[in-house]
Structure formats: structure tokens, C-alpha cells
Amino acid sequence: LLWDVNTRTTTAMLKGHTEAITSVSFSPDGTILSSGSLDDTVLLWDVATGNATLLEGHTDNVFSVSFSPDGILLSSGSGDGTILLWDMSPYITPQTPDPSRPSNPDFNGDGTVNIADFLEFVELFGLSRGDAGYDTRYDLDGNGTIGIGDFLIFVDAFGKKGSSN
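Counting from 1, position 39 in the sequence shown corresponds to residue 39 in my numbering; the numbering is continuous, with no gaps.
None of these hints come from the bench; they were simulated from the model. These figures come from a predicted structure and were not determined experimentally. For each residue, glycine too, the CB sits at the ideal point set by N, CA and C.
Label-pair distances were calculated between CB atoms; the ranges are: (1) PRO90 to ARG8: 29 to 39 Å; (2) ASP4 to THR53: 19 to 29 Å; (3) ALA12 to GLU56: 16 to 26 Å; (4) ARG8 to ASP46: 14 to 24 Å; (5) THR49 to GLY81: 33 to 43 Å; (6) ALA48 to SER89: 15 to 25 Å; (7) SER68 to TRP3: 22 to 32 Å; (8) ASN6 to GLY57: 31 to 41 Å; (9) THR9 to THR59: 33 to 43 Å.
Make the full structure from the sequences, and use the hints.
Written out as C-alpha cells, the structure reads:
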């Protein structure tokens, strides 16, 4: 089911996967919903029409789907040990980046993760163990919250860091 959180009503019933859905992600412009499933597939849903496009390539359960900040790429991670990058350009309208919003998460050689905000780099956190199995989400709406496993990391506009369990 697709819900409108403002009106608290169902806007669509999306049917297509044959097994449980494990991950969903909206495109940055909100026009496409991607879903990964235990049926080894990724579906792209047109939010306006409810029509689905099947993306095949994994040979095991799909556990993660995520759009790049500009919406040009979709990544999907699977139990088959692969991460596939899908070109979304046939499905999206090109967007002009908003320079007031952070984008472009990137890894440094020293294991830290940075997000470019078009003005400077803000160091967010270091990865010391490289543990797998955590679903990470960046909040690009401005409150600076990043969720990783069982704790949150907060970054404000001045780059101050804090954490919460």
C-alpha cells in the first residue's frame, strides 16, 4: 500500500513482487518508488500511475535499494554478494541540484565518510571495523540525522558531532 501521510489515506495498492519486500526507496523527486524483495528482483514503481518496471540481475534475495542524491543511479544489494548500479536516466526527469542540500556521500582513504555540501566537506564519522549488515540512511531534508545500526549520529550546520544510542 502507498499512503499519503498528510491525508492518512491509501493512494495506491502496488502489486508485483511474489515474495516479501525487504527495502524501499523513493527517488529524490518523489516520482519513482523502488522496492527490493526476497523474490530476487527490484521493481520501479511510477508513483502517479502505479505501473511497475522489473529490474532483473540478482540471483538471490535483494536486501537494499537506494537512489543516489541526484536520482541518476539506483543501487541494489543482494544475498548473492553483489551490489548492482542501475542507470535511472530513462525513467527520470533531470533535476538541477539544490546547493543548499548536502549530497555526494564519499569514502576517504582513511576510512572516514564525508558528505559534500557544495561549499566544503563535513566529516561525519569514521568506519573502524567495516561491519556488514547495517542499513544506513542520510537525511537530506536538513535536520542532519544519520541512522546506522542501533545509534544515530547528528551533524548540525556547523559540523558539530554528537551521538545517541
